[in-house]
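Engineer: Chain residues, written in single-letter form:
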Amino acid sequence: MIKTQHLASRCLTRLLMHSVLLCLLMAWGLSVSQTAAAAVSDAQARALLEALDTRSFQAKGDAAQAIAESGAEQKTRWLQALLDGRLGKERRGERFYIITDDSGREWPIIDAITFEDAGTGTRRTVQAFKINNDLRTRIQGLLASLSLSAGDEASRLAAAGRMIGEVSADNADSVRAMRDDEESQSVRGQLDVALALYDVQQGDIDALETLRGNLDTRVRNTLTPIAAGDSELAAEAQSVLGGIESKRAWYDRAQTLFFGLSAGSILVLAAIGLAITFGVMGVINMAHGELIMIGAYTTWMIQQALPGQPGLALALAIPGGFLVAGAFGVVIERTVIRFLKGRPLETLLATFGLSLILQQLVRSVFSPLNRRVTSPDWLQGAWQINEALSLTLNRLAVLLFCLVVFAGLWALMRYTRLGLEVRAVTQNRAMARAMGVRATRVDMLTFGLGAGVAGLAGVALSQLTNVGPNLGQGYIVDSFLVVVFGGVGNLWGTLVAGMSLGVINQVLQPWVGAVLAKIIVLVGVILFIQKRPQGIFAPKGRTS
Amino acid sequence: MTTTSLRKLIATSGLTLGLAGFGNVALAQAQDEGPIRVGILHSLSGTMAISESTLKDEMLMLIDKQNDAGGLLGRQLEPVVMDPASDWSLYAEQARDMLTGDDRVDVIFGNWTSASRKAVLPVVEELNGLLFYPVQYEGEESSENIFYTGAAPNQQAIPAVDYLMSQGVERWALLGTDYVYPRTTNKILEAYLKANGVAGDDIMINYTPFGFSDWQSIVSQVKDFGSQGKKTAVVSTINGDANVPFYNELANQGISAGDIPVVAFSVGEQELTGIDTAPLVGHMAAWNYFMSVDSDANYDFIDDWVAYTGNDEAVTNDPMEAHYIGFNMWAQAVKKAGTTDVDAVKDSIIGVTVPNLSGGASTMMPNHHITKPVMIGEIQDDGQFSVVWQTPTTVAGDAWSDYLPDSKNLISDWRAPLRCGKLDVESMTCEDGPGAE
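Protein sequence lines correspond, in order, to chains A and B. So the first sequence is numbered by my numbering: it starts at 1 and just counts up by one. So the second sequence is numbered by my numbering: it starts at 1001 and just counts up by one.
None of these hints come from the bench; they were simulated from the model. All C-beta atoms, glycine included, are put in the ideal place defined by N, C-alpha and C. Hints are supplied without guarantee of correctness; some may be wrong.
[Claimed, not checked] Restricting the straight-line Cα-Cα distance to at most 27 Å, the calculated cross-link-like pairs of lysine-lysine (DSSO-like) are: (1) Lys518/A to Lys1187/B; (2) Lys1346/B to Lys1335/B; (3) Lys247/A to Lys1230/B; (4) Lys1408/B to Lys1346/B; (5) Lys247/A to Lys1231/B; (6) Lys1408/B to Lys1194/B; (7) Lys1118/B to Lys1065/B; (8) Lys1408/B to Lys1187/B; (9) Lys1231/B to Lys1187/B; (10) Lys518/A to Lys1223/B; (11) Lys518/A to Lys531/A; (12) Lys1230/B to Lys1194/B; (13) Lys1408/B to Lys1118/B; (14) Lys1336/B to Lys1346/B; (15) Lys1223/B to Lys247/A.
[What the hints assert, rightly or not] Sample of chain B residues at the chain A side, in silico, Cβ under 10 Å: (16) Gly1046; (17) Thr1047; (18) Asp1214; (19) Asn1252; (20) Gln1270; (21) Ile1275; (22) Asp1276; (23) Gly1282; (24) Glu1313; (25) Gln1384; (26) Trp1389; (27) Thr1393.
[As the list claims (entries may be wrong)] A few chain B residues that don't get close to chain A, going by computed Cβ distances all over 10 Å: (28) Asn1067; (29) Asp1068; (30) Glu1078; (31) Ala1092; (32) Asp1097; (33) Lys1118; (34) Pro1122; (35) Glu1126; (36) Gln1216; (37) Asn1248; (38) Thr1371; (39) Glu1378; (40) Asp1382.
Using the sequences provided together with the hints, build the complete structure.
Structural biologist: If you want it as structure tokens, here you go:
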């Protein structure tokens, strides 16, 4: 029963696809002059909209098609509103409305036919027409075909992209004619691939050359059954397919490496502040995760203060997160850690208590619910290098940010007076004090610096994960792991350890799953520490 | 195995009955006057606070409303709120607190995760309490003292998969958080899909830890899995706030609902408030209620809720409807029994029918599950769902799945004289419950 149903619906979707594509092609082929013959009367417009008032998505799709083919001037706006779920009908009435803003509970509405202001509506008075996924795809196709008359290259390219695997005996000639008329190089390239794929299906060996090295999955999926036979064509297709697969495998490896480095960069960002407080000062700070959380909340607050400008807010959050978290760090150092110097167990307990207090504070002040930090447009989406390799922009940005923070911190430790004093205090506290370094001030600044860097990690994490009271908890164990694995007190060690743990984790993940990958990494690090307690990079010389 | 035999031991020694009887005598005097005490056992802090604190507020609203209408049996209702702080063992401890002493509560509304329910189960059975559990869960459980007002797998997962099959989906990625609910649900779904002729190669199963945020390689794996030429869908039992980075990653890697639709069982209006839904339009969720459901009962409930919270943006969701139904069922059962006595209410509630928020009515079945309509909603750009499909009638919850070999012969029926939570219909032997003897 289900089987037949689902076969039928498959055929239907196929058919739909074709009709949309044919429609696209027609609109493309025919010139503009034919459209919009005459505006329709109000009664006709009403009838067109009335057809949408049905429960069946199939019938709704046909009604949308009728609108697209009609001469109504309002049709683009209607279809767009239908697509956005903003076209509706009066409940217990006959008027049609377009909802101009559907946020909140009272919506401003306009008359759908005359576009005159119609006051406000609510869900009790206006019933918006519903659409589902298939219908959405169909309406998008209709809108695309309406906008084709504008002739812009991007929509032609998208339409050409859709043709791959969809060329058949019915439309092959018209596609070929279109290809010859096409001016744009890239559109022509897409159409060549579509036609070559069709030719190969018809048994043309020469057409395979065009497909060699093409990474589009539809090419691979079409060639796979062809390569299964044992004709000359099959053998040739096999070799093309082999080439495609090996090329894809290389891009897959590159992608895994990127995933690993990106996961590693998060680890490094979270751990590097700890590398300073724990590694350099020897303070076990269990509230480190909460300092990260404070950085993330700072980002959110700056964004609240600057509505509509997420990019600017994010840029301001970088110094903001650093300063706020740094200030918290200084306060923590002055009020708690200073009094527990040299008593690691008590520091651990005190800072753990502090972490709980900070979490509950955030819950009481901001609510236990997660806060939404929007990403600016330039951090959304992916950089599509080719069909097989794309790098998501937010992760790429975090990776670069991590490297910049690392370089900055390294330069600070290496070239500034503060860095010199920090290193002096770490290596030999008594001697440094004897040389006139004010060790307590250095302690305070170092802890503030570590906390500030944790704040920066929070700013970065707000782009990748939830901003909520528990944000920090997930990173505290990982951070200690990275610092210990890299070698306590060594910034380079933290970088190398974080990046390598990230890559190992991402290589393992597809094989064994996320849970087991994490366990394997943890066990691996424990074994490594057994063998080499000082971590990857051992501190050189004697330290006290 | 051990817990079952232990429970049996307790049951045979008559300890449960004895305790319950003793409690009744002691309570009989205290109960006639004074308020009826309603326990609310939802986490107000910790990881689960995000979902559960809303339910606490909703219960307070329902109790207020009932009191304004004159209370129950001429007595006022008094809420008893505790905070188990997302700590499963604390749930058991606090349930014990609620059910012992002179100020014993008459009913508990609470819990969210299956782990916390499993922790409370032995306590409410031992002390003969009443627990209304409002969240969709994995089934394979039946307790004399628990009423499951959320969906069982056959009221959510199976109809959702049927819908996707009717949309031409042939390849399935089952993604879940690594704990009992997703694992059991996916086991049921895998068996169901295979019974419907889906090949093993066309099913991919993946589990991730709680709060997971590094979705990049899994999403890219799914993308790869879905680009083999067959229409693919993701069935997500990912729970809690791991959903936000998951959906963000989907959007960033350019997977739209037109390519690979995701149908989720744990993502509702509440969860979507933390996400920009514009790139997610068309991804789906299966529930028994959506805030966008078109009925006057629903609009009234939303108006009440907005007025109660004082927040114009406040959202409602499926577990809230479950509590709404559960509370009204309990109130009606108490009226019917004329007492809040647990054993009397347990008997009188079976068959009770109350209106639900989608314009129909829900009935408490003998297996302590309720009848509900099943709906599929597609995410809209305003953070709401639009219902694209709905079962023509309500579906009765099934405690023991028909698709798992271990439980396909089992049913549960708590009516006298059967009183059995785990009855093998083939051999007619009862494996659990007072009817076992």
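Engineer: Hints first: check each against the structure and report whether it holds.
Structural biologist: A quick look at each hint next to the structure:
1. Note on lysine 518/A and lysine 1187/B: the hinted pairing holds, with a Cα-Cα distance of about 24 Å set against a maximum of 27 Å.
2. Distance restraint check for lysine 1346/B and lysine 1335/B: the Cα-Cα separation of roughly 12 Å lies within the 27 Å cut-off, and the hinted pair is therefore satisfied.
3. Taking the CA atoms of lysine 247/A and lysine 1230/B, the gap is about 22 Å. The hint holds against a cut of 27 Å.
4. Of the supplied pair hints, the one linking lysine 1408/B and lysine 1346/B holds, its CA atoms being roughly 26 Å apart against a limit of 27 Å.
5. The hinted pair formed by lysine 247/A and lysine 1231/B meets the criterion: a straight-line CA distance of about 25 Å does not exceed 27 Å.
6. At most 27 Å may separate the alpha-carbon atoms for a hinted pair to count; lysine 1408/B and lysine 1194/B meet this at roughly 16 Å.
7. Annotation: proposed proximity of lysine 1118/B to lysine 1065/B is violated, straight-line Cα distance about 31 Å (limit 27 Å).
8. With a C-alpha separation of about 13 Å, the suggested pairing of lysine 1408/B with lysine 1187/B holds against the 27 Å cut-off.
9. Between the alpha carbons of lysine 1231/B and lysine 1187/B the distance comes to roughly 22 Å, so the proposed pair stays at or under 27 Å and holds.
10. Proposed proximity of lysine 518/A and lysine 1223/B is supported: the alpha carbons are some 23 Å apart, at most 27 Å.
11. With a C-alpha separation of about 20 Å, the suggested pairing of lysine 518/A with lysine 531/A holds against the 27 Å cut-off.
12. The straight-line distance between the Cα atoms of lysine 1230/B and lysine 1194/B is roughly 17 Å, inside the 27 Å bound, and the hint therefore holds.
13. Among the hinted pairs, lysine 1408/B with lysine 1118/B is consistent with the structure: their alpha-carbon atoms are about 22 Å apart, no more than 27 Å.
14. Between lysine 1336/B and lysine 1346/B the alpha-carbon distance is near 11 Å, which keeps this suggested pair within the 27 Å criterion.
15. Under the criterion of a C-alpha separation no larger than 27 Å, the hint pairing lysine 1223/B with lysine 247/A is consistent with the structure, at around 18 Å.
16. A cut of 10 Å between beta carbons decides the hint on glycine 1046/B: the least distance to chain A is about 8 Å, and the hint holds.
17. Nearest Cβ of chain A to the Cβ of threonine 1047/B: about 6 Å, under the 10 Å cut. The hint holds.
18. Annotation: aspartate 1214/B was flagged as interfacial toward chain A, and the flag holds, the nearest CB pair being 5 Å apart, inside 10 Å.
19. For asparagine 1252/B, the interface hint holds, since its Cβ comes within 10 Å of a Cβ in chain A; the closest pair sits about 4 Å apart.
20. Annotation: glutamine 1270/B was flagged as interfacial toward chain A, and the flag holds, the nearest CB pair being 8 Å apart, inside 10 Å.
21. A cut of 10 Å between beta carbons decides the hint on isoleucine 1275/B: the least distance to chain A is about 7 Å, and the hint holds.
22. Taking 10 Å as the C-beta contact cut-off toward chain A, the hint placing aspartate 1276/B at the interface holds, the least distance being around 6 Å.
23. Because the smallest distance between the Cβ of glycine 1282/B and any Cβ of chain A comes to about 5 Å, under 10 Å, the interface hint for this residue holds.
24. The closest approach between the C-beta of glutamate 1313/B and any C-beta of chain A is roughly 8 Å, which is under the 10 Å cut-off, so the hint is satisfied.
25. Because the closest C-beta pair between glutamine 1384/B and chain A is about 9 Å apart, less than 10 Å, the hint holds.
26. The restraint placing tryptophan 1389/B at the interface with chain A holds, with a minimum CB-CB distance near 8 Å, inside the 10 Å limit.
27. Checking threonine 1393/B against chain A by beta carbon gives a least distance of about 16 Å; that is not within 10 Å, so the hint is violated.
28. Chain A leaves asparagine 1067/B outside its interface by the beta-carbon criterion, the shortest separation being 27 Å against a cut-off of 10 Å.
29. Even its closest Cβ contact with chain A, about 24 Å, leaves aspartate 1068/B beyond 10 Å, as expected for a residue assigned away from the interface.
30. Consistency note on glutamate 1078/B: stated as away from chain A, and its beta-carbon is indeed over 10 Å from all of that chain's, at 25 Å minimum.
31. The Cβ of alanine 1092/B sits about 22 Å from the closest Cβ of chain A, beyond the 10 Å cut-off, so the non-interface label holds.
32. No beta-carbon of chain A comes within 10 Å of the beta-carbon of aspartate 1097/B; the shortest separation is about 22 Å.
33. Its beta-carbon lying about 20 Å from the closest one in chain A, lysine 1118/B satisfies the requirement of being farther than 10 Å from that chain.
34. Every C-beta of chain A lies more than 10 Å from that of proline 1122/B, the closest at about 28 Å, which supports listing it as non-interface.
35. The beta carbon of glutamate 1126/B sits about 31 Å from the closest Cβ of chain A, which is more than 10 Å, so the claim that it is off the interface holds.
36. Listed as outside the interface, glutamine 1216/B is inconsistent with that label: its C-beta sits roughly 5 Å from the nearest C-beta of chain A, within the 10 Å cut-off.
37. Here asparagine 1248/B does not stay apart from chain A, with its beta-carbon only about 8 Å from theirs, under the 10 Å limit.
38. Against chain A, the non-interface label of threonine 1371/B holds: every CB pair exceeds 10 Å, the least being about 23 Å.
39. Not every beta carbon of chain A lies more than 10 Å from that of glutamate 1378/B, the smallest distance being close to 6 Å; the non-interface claim is violated.
40. Its beta-carbon lying about 5 Å from the closest one in chain A, aspartate 1382/B breaks the requirement of being farther than 10 Å from that chain.
When the structure is compared with the earlier hints, violations turn up for hints 7, 27, 36, 37, 39 and 40 and for no others.
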